[in-house]
Every structure is written in C-alpha cells, then in structure tokens.
Amino acid sequence: MARGGQTVWSDGTFTVRPGAVVGVIGPNGAGKTTLFQLALGLLAPSSGRIEVLGAPPRRGNRRIGYVPQNYTAALGEAIRCRDLVTLGLTGGRFGLRPTSAAERAQVDDALRRVGALDFAERRMSELSGGQQQRVAIAQAIVDDAELLLLDEPLANLDLRNQQEIVRLLGDLHRDRDVTIMVVAHDLNPLLPVLTDAVYLLDGHPHHDEIGEVVQEELLTHLYGTPVGVVRTAQGDLFTRAAWRDPVHQQENAREAGA
Amino acid sequence: MIAALAGVEFQSNWLQVLQSPFLRNALVGGSLVAIAAGLLGYFVITRQNAFAAHALAHIGFPGATGAILVGVPVTLGLAVFCVGGGLLIGVFGRRVADREMATGTILALATALGVLFASLASANASTTTSVLFGNLLAVSDDQLVIFGAFTAAVVLTLAVLARPLVFASVDPAVAEARGVPVRALGVAFVVLLALTITMAVQVVGTLLLFALVVTPAATALRLTARPVRVAAIAVGLALASVWGGLVLSTMVNLPPSFFIVSLAVLAWLVVLGVSGRRGRVAVAAVPVDRHHPH
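Residue numbers (our numbering), protein chains in the order written: chain A, 1 to 258; chain B, 1001 to 1294.
Bear in mind the hints are in silico, worked out from the structure with no lab data behind them.
Check the hints yourself; a few may be wrong.
[To be verified] Some residues of chain B that are not near chain A, with every Cβ distance over 10 Å (derived):
1. 1159
2. 1161
3. 1226
[Claimed, not checked] Example chain A residues on the side facing chain B (calculated, C-beta under 10 Å, incomplete):
4. 64
5. 66
6. 139
7. 149
8. 228
9. 232
[Said to hold, decoys possible] Where chain A lies over chain B, by a calculated footprint (3+ residues, C-beta under 8 Å):
10. 1041-1052
11. 1175-1188
All values derive from a computational prediction rather than experimental measurement.
Even for Gly, the Cβ is constructed at its ideal location relative to N, Cα and C.
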C-alpha cells in the first residue's frame, strides 16, 4: 500500500472473521487510517487484493458504517443530531422526496440503541464529546451496517465516556453480530470487548487473536518504547508504559546480579 | 454632519414613486436575488465559504468593468468572472486552509484587474460606484429576464441536490465514504453561488453582498438548525430586507443598498439579543445531560 509515493505498509495477508471485534493498533503514522480508507474504497491498493464482506471494496457500500477520526470536531451549530443520523440513511438521495415514516422509525431505533434519543433534537454543537460520539455511531448503524469502522472513537473522551462507548460497542456486537474494527492508540479501554487485533509492525500488517497480541515483547517492539502487560488476579488484562528511571534500572540490575 | 443630514428629506410622493416602472423592476429583481441568496446561505455558512463568497463578489468587479471595456452586458462579464473565479478557488483550495490563501490571492489579482479595466474603459465614477455598491434602481427589463433564469436555475438545481449537498457540507468525510460525490457537489455549489452573486452584486453591490447571502441565513441559524427551515426563514428575511429597504429608500430618496443591508443586520442583532438571552436561561433551567448534571 503506497500513498503519495511513499509505501505506507506492504505484505499484509490476513482475514478478519465475521463477528470479530478487532483493534487496529500501531504507532502514529503506521497506516491505521489508511487501512480503513482501503476498506471503504476511498483508496486503491498499489498492488494486491482486498475483499470486504466478500466483495472488492467500493465507495458507498451500505453494508459498512464509518465513524471517522475527529468526527465531531468538524460539525457544529448547523445540524441537529436527528438530522445527522437521518443523513446516514438518506443523505445520498437526490431529489425532493421527503423522509418516509419507515425511515424516521429506523432513525429513532438507531438513536435509541446508542442511548441518544433524549438529546436527538439538540444541535451537535450543544453536546458533550461522549454524546457526539454516540450520535456518530447511530449514524453509522442506522442503515443496518454489518461492518463498523471506527477511527479513534475514544480520543478526547474522559474515562467514564470511554467506558460507556466501549460498552455500547460490546452491546452492538452481541445484539446484532456486527463485525467491528476500531483504530485506537490506547488498547486498555477496549480490551474488555476486543477479540482480535490487527497490528502494523515494521511496515507490515499482522492479524492475531487479542491474547496473542497483548504480549510485552510484541507491544514493546510495536510501539518502540517499553510496554508492560499486567494480568490481575481477577483476569483483567491491561498494558502500561514500562519506562523506568535510569537510576531505578541500575538498582534493579544490581539486585538481579546479586 | 447636520448640514449633510439636511440633504435627507422625506418624499411626500413616495407612494407614487413606488408604483413607477423602475421601482417595479427593482422590486422583482431584488426579490429574485433574495430568494436565491436566502437559499444558498445555509450552505455558505456550513461549508465555511463566507470568505469565498465575499471574494467572488470582488472577482466580479473586473468582470463588470471588463464588460464595459469590450462593450458587452455587465451581467455577462460578472457571470463569467464569478463562475471562473469560483472554479479557480475550487481547484486551488481543496482544503479550508489552502482555500483561504488561494481565495485571498485570487481576490487581490481580480481587484487589481478591475481597477485596470475601469481605467482603460474610462468608466466614469458612477459606473464604478454602482458595481461596488449596487444599483437596484437601475435594473433593466433585460436584466430581469437574466435574473429570472438564474434564480430558476438555482432553485431547480437545489431541489435536486439539496439532500446530498447538506450531507457533503456538514459531514464530508462520511458523505464521501457513503458514495456521495462530494467534490462534484462542491463544484456545482460554487457555480450556483457564482450565479447568485452575479445578481446580488447588482442589487447590493460588491462590498455589501454579505447582507443578502450570509446575514439572513446566520439569523435563521440562531432560531433553528433544520436546513429546510433555515432556508425558508433566510429567504423570508432577505425578501423583507429588500422590500423594506426599497420602501425606505423611496421615502427619503437615498440609495436602497444602505437600507437593505441595515434591515438585514438589524434583524440579525435582534435575534442575536433575544436568542442569546433565551439560550442562557435554557441552559440554566434544563440539565444538559442526565448523566452529567451540571
């Protein structure tokens, strides 16, 4: 996959199974967003073959729901949540035909599923970051997408909102068997729902089950900085920055040698 | 100041003047412009095209003076330069940041050309003034036909494009992924905007264009965020400004541009004041989010 004359990544062969919840991880600039753009048909691979939901990628595939990065930052004063979700259903339609009752019901259903019905009549600019993200997800699922692509959906959210969005993704996955791919630079908040991960290591994408990916050696290599993996007695898994004060490290080394 | 104001005189025969043919043309022409400008305002604001709209009006300036120079109708010169300028801005400035710079540069060049053409055509000061500040009272029958055609083109095209254009304007990334032809819609919009500005320049002039294109829609957006309602309110406000401005200008025999703009701005200020106060009360009275009581 090359972009602007530069190879972003190459030699990736993997298959994401339907119904998986996949974290797309890797350091900044590794090509995580590029992977989504390929799946959406917004970019073509310079060589190789991609299939999404059993067919070559094409723009405007209604079976894919997409929530871009910094999504909410671009939207403001001029649109209500409900209207934005409606655009996800009818926004590609030319001509004057009004929104039908069935379509309105579909919009209501999507808003209800993400818990956004209470503030559906408000403008996007009046909502908190977490609420805006819910509306964005409602727009992505309103057309009954089978595959959801979310680009950094947890960025700029506080801990509580992060957890609520993750729980929402878990619910969507469970209730509708939606396949979900999430670009994230921080794995921790997503670990409870992830089943798999695609990681972009040394310019090549790899795919594995999440348990195989969350390993100290792999993550340290992936991010180019020491990463520790902790498993608690309750079975919770989380990663942490394992950087040590050099003085500390010398002491550790001395102890180890002793 | 007092001496200057002494020139303002109430015209007791204003009702008769209102019924004269040139005022009928002004009323019809102004209304056509108000409809087109009111409809496009929502998109100018959501697409962050206000500066481009302003620039297009200036880019029309050399078109108008150039038309005088070569002896073709002013409207034609305006239309050619506005549409051409709009397409240039579209080509050079795909991103908003680039567009600001491209627009500014093209704007400066166009204004320079306008001065040159005006000088070469030895256009007199009043011709230049009427391009810069508009002259609604000089709208001819021929111009009315063109205005009618332009407004019909804007209304009909918008009727077809409205929904995808709203999508592409407020949410371009998702719209593109959804298969909406975002770039083609952008080009179509610029052409519609150029046609509208071609007309508006002749009503309120290059320098006062915002009053019809941006201000009514900005006022409407304070009241509602529903695109159809914004368009309806903006058209209503623009029409009211044009009609009221014409009546007032007839009463005191002063240029209509001043009154049209003043009325549009007045409506904006009133709504700003009222909705601002109401907005604060609403925020205090209603919890913004059940999960986050403030």
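So, going through the hints one by one against the coordinates:
1. 1159: Per Cβ check, residue 1159 (chain B) is inside 10 Å of chain A; nearest 5 Å; violated.
2. 1161: Since the minimum Cβ distance to chain A is about 7 Å, residue 1161 (chain B) lies within 10 Å and the statement is violated.
3. 1226: violated, 6 Å
4. 64: Because about 8 Å separates residue 64 (chain A) from the closest Cβ in chain B, which is inside the 10 Å limit, the hint holds.
5. 66: With a closest approach of 5 Å, the residue 66 (chain A) hint holds.
6. 139: holds, 7 Å
7. 149: holds, 8 Å
8. 228: With Cβ-Cβ at 33 Å, over 10 Å, it is violated.
9. 232: violated, 27 Å
10. 1041-1052: holds (count 3)
11. 1175-1188: holds (count 6)
In this structure, the earlier hints numbered 1, 2, 3, 8 and 9 are contradicted, and the remaining ones agree with it.
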